[in-house]
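J.: Residues per chain, in single letters:
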Amino acid sequence: MRHEPILKVDNIVKRFGGLYALKKVSLEVERGTILGLIGPNGSGKTTLFNVITGTYAPDAGSIYFEGEDISGLKPHKIARKGIGRTYQVVRPFSSMTVQENVHVSAVFGCAENEKTGETRDVCYNALKMTHLESKADTPAESLTLGEKRRLEIARALALRSKLLLLDETMAGLSHTEVDLTLEMIRRIRGEVGLSIIVVEHVMRAIMTLSEKVVVLSEGEKLAEGSPKEIAENPMVLEAYLGEESVE
Amino acid sequence: MYAEHLLKMNSLVICLAFSVVVGVIGFVSEAATTAYLYAMIELLILTYSLNLFTGFSGYINFGHVIFYGIGAYVVAVLAFNLAALLPTFLYVIAGAVFASLVAIAIGFPVLKLRGDYFAIATLGVNEAVRVIIINTRDLGESRGIAILGYIPTYDIRSLYAMLLATLFAVILITHFIYRSRLGYGLRAIKDDEDVAEAMGVDTRKYKILSYSIGAFFAGLAGGVVTLLYAYAFPDYFVIGRTIDMLVSMVLGGFGTIIGPLIGSVVYFVAKDALLIQFPFYHQVIFGIILMGLILFIPEGIVGLINRLLMKKGKKVRLE
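Line by line, the protein sequences are chains A and B.
First residue of the first sequence? That's 773 in my numbering, and the numbers climb one at a time after it.
First residue of the second sequence? That's 0 in my numbering, and the numbers climb one at a time after it.
These aren't lab readings, by the way, just hints derived from the structure by calculation.
Be a bit skeptical, because a hint or two may be false.
Stated by the list, open to error - The list that follows gives simulated cross-link-like pairs (lysine-lysine, BS3-like), each with its CA atoms no further than 30 Å apart:
id, chain 1, residue 1, chain 2, residue 2
1, B, Lys311, A, Lys849
2, B, Lys204, B, Lys111
3, B, Lys313, A, Lys934
4, B, Lys204, A, Lys853
5, A, Lys846, B, Lys311
6, A, Lys780, A, Lys846
7, B, Lys204, A, Lys846
8, A, Lys900, A, Lys795
9, A, Lys993, A, Lys934
10, A, Lys920, A, Lys934
11, B, Lys313, A, Lys900
12, A, Lys849, A, Lys1000
13, A, Lys934, A, Lys849
14, B, Lys189, A, Lys900
15, A, Lys920, B, Lys311
16, B, Lys204, A, Lys934
17, A, Lys846, A, Lys1000
18, B, Lys111, B, Lys189
19, A, Lys796, A, Lys1000
20, A, Lys900, A, Lys849
21, A, Lys795, A, Lys849
22, A, Lys920, B, Lys313
23, A, Lys993, A, Lys795
24, B, Lys314, A, Lys849
25, A, Lys920, A, Lys853
26, B, Lys189, A, Lys849
27, B, Lys189, A, Lys920
28, B, Lys189, B, Lys314
29, B, Lys204, A, Lys920
30, A, Lys920, B, Lys270
31, A, Lys934, A, Lys853
32, A, Lys853, B, Lys189
33, B, Lys111, A, Lys900
34, B, Lys111, A, Lys846
35, A, Lys934, A, Lys984
36, B, Lys111, A, Lys853
37, A, Lys984, A, Lys795
38, B, Lys314, A, Lys920
39, A, Lys900, A, Lys993
40, A, Lys846, A, Lys984
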């Protein structure tokens, strides 16, 4: 069991009408590692997240989480198995306080009969890990963007995620906030032992965090390798520069 | 000072205290006053029952009144066939149980729809049920079912007691759900259903559950009212009553414990007073007042009070 990857994406196809958003994408995430997922806008990164978390059912292919086929399961079932996510455009529960936001996933991320004391510990640890413990009673609506992004991570932690999908957690953050987030992600991996997939346009983050990087372009896997290999790959450079010259 | 003291107590205590006071007034005053309060408590129960589903989940339901009507018809049918074989309150409970079963049956397909699409579908469901009723011979078609003489006639005070008991029950259930697993799940659905799912909330299960709990209490109200009129007829299914509930709920502050109480009382008293003052134009005037309220305090009276409390730097909040 130890050497088996925590997540195995096997030849996933996702179509929207005639448009192929994902064309036979495969990848593996090793236990306790960080996988960087990059690619130009519209290359299918968020679609892949949506397929892994069950928001979309794949048209072909399978997804194995801890060796179990989870493709086609409902999102809440997948969440309870231990896959947590954040959103590119932040989506906290805006009518709730920070504490209540985290409470929701702490309560629903586990068996129904758990004691309230345990739930409280889970919430507290999630908020502490994301430096939000002083904001517990603040309405989620009035947080800054950086805090909202951290709240989404806290929510995923309170879910007892084993695999965390971070969708552009650093977009729009200041330099210091990016540093803080990097530090936090490293600690989450180190202390909690989570496996993480990071989608990011901030290259500094991808290069320093990930053990392995996968590049998507127009729904296909373009390249896979260590951050160094990817940075030197001419196809990757072309995919990115091509996009920029169109803009 | 006094008001602040009152607010420091929990919203549940205020609701229950209010119900006790209204209850006592209803018992000691003359029949006309009791009848007035009876109608008000009926609206209170209905608004609370709608709040249990629509208030918590954010799913607008234009067809809530069907559960009230179903509760009424079950009582009428049972009384018609069994007469006084069983105590009549059992008929009322049977009606409520049946209403919640119908809610589960309707909820399974219809609650697959989201938001506005669900709201439109409930209009259709409401009409469908009404048309079925007025075309079913055993249900008396458009004449309805009269049960006068089949069961012992009640004086309004004992029915009033039954209605009061229902009110207490629905307030307690609302309070209980507010801080429960179900309550958190529903509030998450109201804020963002996709995210709720991604956080492990079985959204469909919780929506159907709260829909049927709401239906149960609407069914209770319909059953008790049928005992008073000794008559169930298709007008129980008119959509206007659902609108009364929706407006009361929004006016008070929906998805809260005390909101439905404040909203229903204000709505009921104001509507009645306007009807007496301006028999011809009361609905026009009332419409204008409502538009103003929705424009300026969309979060309802509870939200307004909480905003004022926050401005004054007070820590207490209504919930």
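J.: Among the hints numbered above, which are violated by the structure, and what are their numbers in rising order?
T.: 1, 3, 5, 8, 12, 17, 24, 30, 33 and 39
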